[in-house]
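Here the structure of chain A is known, so what remains is to put chains B and C in place on it, guided by the hints.
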Amino acid sequence: MFNIFIHLVLLLVMPPLLLGVINKTKALFAGRKGPPVLQLYFDLIKLARKGVVISQTTTWIFVGAPVITLVGIVMAGFLVPLGPFHAPVAFTGDLILFAYLLAIGRFFTTAAALDTGSAFEGMGAAREVTFACLSEPALFFALLVLAKMSGSLVLSDLLHAPLAVGSQGAAASLVLVAIGMFILLLAENSRIPVDDPNTHLELTMIHEVMVLDHSGPLLGLILYGASIKLFVLSAVLLHILFPFQSGSVPLDWGLFIVEMLVVAVGVGVVESVMARLQMRHVPYLLVAAILFCAFGFVLLVR
Amino acid sequence: MNPLLNALLVVVLALNLFVLGTSRIVTVIKVVSLQGVLLGIIPLLIEDHVGWSAVFASVGTIMLKGLVIPFMLMRAMRDVQIKREMEPLIGFLPSMLLGALATGFALLFAQALPLASEHTTPLIVPASLSTIFVGFILLTTRVKAITQIMGYLVLENGIYIFGMLLLGVIPLVVEFGVLLDLFVAIFVICIMVNHINQAFSSLDTRHLAALKE
Amino acid sequence: MTLLLLLLPFAMALVAALLPSNRWRPWVPPLTAAIHFPLTLAAVFGEPMESHAAWIGLDPVGKPILLLISTLFLVTSFYLTGYLKYHPRRENRVFVACLLCTLGSMTLVAWSRHLGIMWIAIETTALCTAPLIYFNKTPQSIEATWKYLLVGFVGIALALLGSFCLAYSSLHAGLHPSLVFSDLLRDAPQLSKPWLHVAFVLMLVGYGTKMGLAPMHTWKPDAYGAAPGAVGTLLAGGVTSCAFLCILRIYHICCAAGETAFVAPMLVFMGLFSMAVAGIFMVGQQDYKRMLAYSSVEHMGILVLGLGIGAPALFGTLLHVFNNGLTKGVLFLSAANIHRSYGSTSTGVVRGALRRLPVSAGLFLAGFLAITGSPPFGPFISEFSILNAGFGSGHFVASGLFLVFLLVIFIGMGSTVMLMLQGKVPEDAPQTIYREGFLTVVPPLLLLGVVVMLGVWIPDSLSTLLHNAVDFLEVQP
Numbered sequence: 000m001f002n003i004f005i006h007l008v009l010l011l012v013m014p015p016l017l018l019g020v021i022n023k024t025k026a027l028f029a030g031r032k033g034p035p036v037l038q039l040y041f042d043l044i045k046l047a048r049k050g051v052v053i054s055q056t057t058t059w060i061f062v063g064a065p066v067i068t069l070v071g072i073v074m075a076g077f078l079v080p081l082g083p084f085h086a087p088v089a090f091t092g093d094l095i096l097f098a099y100l101l102a103i104g105r106f107f108t109t110a111a112a113l114d115t116g117s118a119f120e121g122m123g124a125a126r127e128v129t130f131a132c133l134s135e136p137a138l139f140f141a142l143l144v145l146a147k148m149s150g151s152l153v154l155s156d157l158l159h160a161p162l163a164v165g166s167q168g169a170a171a172s173l174v175l176v177a178i179g180m181f182i183l184l185l186a187e188n189s190r191i192p193v194d195d196p197n198t199h200l201e202l203t204m205i206h207e208v209m210v211l212d213h214s215g216p217l218l219g220l221i222l223y224g225a226s227i228k229l230f231v232l233s234a235v236l237l238h239i240l241f242p243f244q245s246g247s248v249p250l251d252w253g254l255f256i257v258e259m260l261v262v263a264v265g266v267g268v269v270e271s272v273m274a275r276l277q278m279r280h281v282p283y284l285l286v287a288a289i290l291f292c293a294f295g296f297v298l299l300v301r
Numbered sequence: 000m001n002p003l004l005n006a007l008l009v010v011v012l013a014l015n016l017f018v019l020g021t022s023r024i025v026t027v028i029k030v031v032s033l034q035g036v037l038l039g040i041i042p043l044l045i046e047d048h049v050g051w052s053a054v055f056a057s058v059g060t061i062m063l064k065g066l067v068i069p070f071m072l073m074r075a076m077r078d079v080q081i082k083r084e085m086e087p088l089i090g091f092l093p094s095m096l097l098g099a100l101a102t103g104f105a106l107l108f109a110q111a112l113p114l115a116s117e118h119t120t121p122l123i124v125p126a127s128l129s130t131i132f133v134g135f136i137l138l139t140t141r142v143k144a145i146t147q148i149m150g151y152l153v154l155e156n157g158i159y160i161f162g163m164l165l166l167g168v169i170p171l172v173v174e175f176g177v178l179l180d181l182f183v184a185i186f187v188i189c190i191m192v193n194h195i196n197q198a199f200s201s202l203d204t205r206h207l208a209a210l211k212e
Numbered sequence: 000m001t002l003l004l005l006l007l008p009f010a011m012a013l014v015a016a017l018l019p020s021n022r023w024r025p026w027v028p029p030l031t032a033a034i035h036f037p038l039t040l041a042a043v044f045g046e047p048m049e050s051h052a053a054w055i056g057l058d059p060v061g062k063p064i065l066l067l068i069s070t071l072f073l074v075t076s077f078y079l080t081g082y083l084k085y086h087p088r089r090e091n092r093v094f095v096a097c098l099l100c101t102l103g104s105m106t107l108v109a110w111s112r113h114l115g116i117m118w119i120a121i122e123t124t125a126l127c128t129a130p131l132i133y134f135n136k137t138p139q140s141i142e143a144t145w146k147y148l149l150v151g152f153v154g155i156a157l158a159l160l161g162s163f164c165l166a167y168s169s170l171h172a173g174l175h176p177s178l179v180f181s182d183l184l185r186d187a188p189q190l191s192k193p194w195l196h197v198a199f200v201l202m203l204v205g206y207g208t209k210m211g212l213a214p215m216h217t218w219k220p221d222a223y224g225a226a227p228g229a230v231g232t233l234l235a236g237g238v239t240s241c242a243f244l245c246i247l248r249i250y251h252i253c254c255a256a257g258e259t260a261f262v263a264p265m266l267v268f269m270g271l272f273s274m275a276v277a278g279i280f281m282v283g284q285q286d287y288k289r290m291l292a293y294s295s296v297e298h299m300g301i302l303v304l305g306l307g308i309g310a311p312a313l314f315g316t317l318l319h320v321f322n323n324g325l326t327k328g329v330l331f332l333s334a335a336n337i338h339r340s341y342g343s344t345s346t347g348v349v350r351g352a353l354r355r356l357p358v359s360a361g362l363f364l365a366g367f368l369a370i371t372g373s374p375p376f377g378p379f380i381s382e383f384s385i386l387n388a389g390f391g392s393g394h395f396v397a398s399g400l401f402l403v404f405l406l407v408i409f410i411g412m413g414s415t416v417m418l419m420l421q422g423k424v425p426e427d428a429p430q431t432i433y434r435e436g437f438l439t440v441v442p443p444l445l446l447l448g449v450v451v452m453l454g455v456w457i458p459d460s461l462s463t464l465l466h467n468a469v470d471f472l473e474v475q476p
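Here the protein sequences come in this chain order: A, B and C. Under numbering that gives the first Met the number 0, the letters of the first sequence match residues 0 to 301, in that order. Under numbering that gives the first Met the number 0, the letters of the second sequence match residues 0 to 212, in that order. Under numbering that gives the first Met the number 0, the letters of the third sequence match residues 0 to 476, in that order.
What the hints contain is simulated information worked out from the structure, not anything from laboratory work. Some clues are possibly wrong.
[Claimed, not checked] In silico SDA-like cross-links for lysine to any residue, where the CA-CA straight-line distance does not exceed 25 Å:
#1 C:Lys192 - C:Pro264
#2 B:Lys211 - C:Pro264
#3 B:Lys211 - C:Gly413
#4 B:Lys211 - C:Leu405
#5 B:Lys82 - B:His118
#6 B:Lys82 - B:Gly167
#7 A:Lys147 - B:Thr140
[Unchecked claim] One side only, chain B facing chain A, incomplete, derived with CB under 8 Å:
#8 Leu3
#9 Asn5
#10 Leu8
#11 Val10
#12 Ala13
#13 Phe91
#14 Pro93
#15 Met95
#16 Leu97
#17 Ala99
#18 Gly103
#19 Gln110
#20 Leu112
#21 His118
No residue lacks a Cβ here, since even glycine has one placed at the ideal position from N, Cα and C.
So that you can see chain A by itself, here it is in the shape it has in the complex (with noise of 0.2 Å):
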């Protein structure tokens, strides 16, 4: 019961300091001070003080999209166990509710885009699905890795597989899969070298273009929903990264929470050594994440 506790306020309380430490790392390499490590909490806040201006050619869909992406990746979040503990909720087959909770949310996000019948927002749109043809495949070739490795498809014995199998025979395939799941993360959560989440240029966007129109405490919903998107997936990808556990409880949670700042720390000097790819090149590298992941998968049935 307690672990569940934690998990849930890890869930709902973390996400935006992860962000907050990718950006001060950034401004650390780029030898500025840059805001605050909770700077997005006072964002959230101030946000959803704001009024909201909505336009008149929306729909219902336009104000349901926030509030359904979030609920979407929450209840997504609920699926994955973090470090060695199980989720909330288990039960065979939620990996494949896992994946549907992530696509369903990015169809919200690019339907109320569609929505607002804005040109801009509609190329930002296409440009979401395009790539998430490519994202998706991965994901589902790295979690077949996992459900072979362990032999369930409950998603919290499945991301334990490596910290049971060890790197006992498994490390190649294991090495490939967090490649392209680190790969993953950065195009799933619009990080560089995929997507800039600090430009606005239009030639350039992807996530960022289609939430333009989106304002106070809807758009604050939207970023608070990107925040636990990435603690979600980083939580995925720590499992293949750390198989290790302590064996005492809070010192496991403790662990946990650095691991998280570890890869927050990872993503923010990965984008500050990178540059942005061409849109063009974007999916080259998600093509390589699949084949990172098919390889895995390969490898371990061969």
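Below, chains B and C alone, put in the same frame as chain A:
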């Protein structure tokens, strides 16, 4: 057999795909030199007890493939002032897919090969075959002289991986002879690259088409 | 003496590289050859030496190749001093040093009894000959050198993979793996067959590239066309023979392993395919140096075909290595004289050579007749012997095709050669300073003398040498 070995070989395979997918020649040189360093570590992992010959082979390989050859190529690059492979005969994405296909094929093919029992688990043979294929893809689909050399180096790396099966069998003299020949080969090729650039004002090997029937 | 023979060329290369005088440096190769040749004779015909190291040693198959290399180098080195006199301004330090290193590495190929050492030596010949091809420093020679290097390196890399596979075949069979030739020969029957097959194919392709077998011959016309004629002699007579020796080695191991039925059809096919390709490209060839290159492809094909036919043809094949090498010397050296006189390698410019350069053109004509297998020259004997063995051992289709290709090549080559030699010198043919001189005419003349002699009478010592080699190859452990 060290469990790290397979993880290392997988990274080598990943670097292969990376080389196929990138257009920046400096990146290609860096990646291939990283591959060389990784290959240099293999001799230390392959035997249970590390002998002197393995250490020598390792140090020699890392020095040459990881440092000296990339340094020479970087100098050649600086002299000829080109940055990118612009128009490969097969695009970057298709050649990456081709490389992936070759890797898959190598995995299947290596299973069909009659290998000694201690060589079936490690990925040495598939990694070697796949690296050789990737070398061929680079050699045949790239048009800049310097990228073709990288193809040759990747090919050579693939053969080196295969040679790891025979570590300790091939005398150190021969091993170093092979490395020395590789070094001189790259040296001669770098000189040629410079001359090609002077004579044709370009490194595009498609200019080298005067001699034909 | 072994050590002296192996180290002499490299030591002399160092001397040549350090010698400051551009004028005297060209005399270093003849001096080297003058020491190398008697040493070779002593090593080849003298008392068999007990070799202590298993890696380096002269066995009966290496002997004829070493003799051929040394003879060719002796003649070519004197010719080259004459050649370099016509380029007094051109820096020849790298050229001469590389020339001597080529001799050294070719010698090492003949001596090596370790497949790894042999590979290194072959790769070294490729590296040393590249600057020789590049000597003229024209865009064409850059292109030729680039292709030579790239195609050659890839080929040789495959041969290395083949050598590894060979070592793996003994590892897989549970033997102590080794690349020492005598060990492999001893263990041949137990070697793992699939790996042996892979090794053979890779080494055939790899060393075949170096030899210039079709379809891996693409570098050959370019390289021979761009290289100075004397270098062409060393490439076509020396380096290719060394590569053939490498193929002989793996062939020997395969035969000892009882895999003759696997290798023979491949060799026959490669041989005939090379001849066919050479024939196609030789008909209507406008450039006589490229024509010689295709002729080299053809003769490499004949050698491999001879191997494919098997034991009865072995004597003829080994004899043909000699005849081809020496005749190529005559052709390349006389062609180089013609080239220098006209300043062109195109048959559009070179006409009436018999009037302008009676001796060189006469030599070229004789060389043409010899290389196409007309009596009374040496190649006639060896080709006839291979053909005889082919019909005798039931290879009727292969032998029939062999005859047809010889005919096509004779006609194709003949039309080009006659165009060059006969008729009047065109009015607008360029005038150059070249006149026939002692050093540029006597070397090919000497070679022609040997070729004629081999056609009429084979010295007992040479015949014994070749028979020993054949016996060595036929030994079944």
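Each hint, compared with the structure:
1. C:Lys192 - C:Pro264: Holds, because 17 Å separates the two Cα atoms, which is no more than 25 Å.
2. B:Lys211 - C:Pro264: violated (31 Å)
3. B:Lys211 - C:Gly413: The given pair, whose Cα atoms are some 21 Å apart, holds under the 25 Å limit.
4. B:Lys211 - C:Leu405: holds (24 Å)
5. B:Lys82 - B:His118: Distance ~41 Å between Lys82 (chain B) and His118 (chain B) Cα, so the pair is violated.
6. B:Lys82 - B:Gly167: Violated - the C-alpha atoms of Gly167 (chain B) and Lys82 (chain B) are around 40 Å apart, more than 25 Å.
7. A:Lys147 - B:Thr140: violated (37 Å)
8. Leu3: Result: holds, 7 Å to nearest chain A Cβ.
9. Asn5: Because about 4 Å separates Asn5 (chain B) from the closest Cβ in chain A, which is inside the 8 Å limit, the hint holds.
10. Leu8: Nearest chain A Cβ about 7 Å off; hint holds.
11. Val10: holds (6 Å)
12. Ala13: For Ala13 (chain B), the interface hint holds, since the closest Cβ of chain A sits about 6 Å away, which is under 8 Å.
13. Phe91: Constraint on Phe91 (chain B) satisfied, holds at 6 Å.
14. Pro93: violated (10 Å)
15. Met95: This interface hint holds because 7 Å falls under the 8 Å limit.
16. Leu97: violated (11 Å)
17. Ala99: holds (5 Å)
18. Gly103: With a closest approach of 6 Å, the Gly103 (chain B) hint holds.
19. Gln110: holds (7 Å)
20. Leu112: At 13 Å from the nearest chain A Cβ, Leu112 (chain B) fails the 8 Å test, so the hint is violated.
21. His118: Violated. Min distance 14 Å.
The structure does not agree with the numbered hints 2, 5, 6, 7, 14, 16, 20 and 21 stated previously, though it agrees with the rest.
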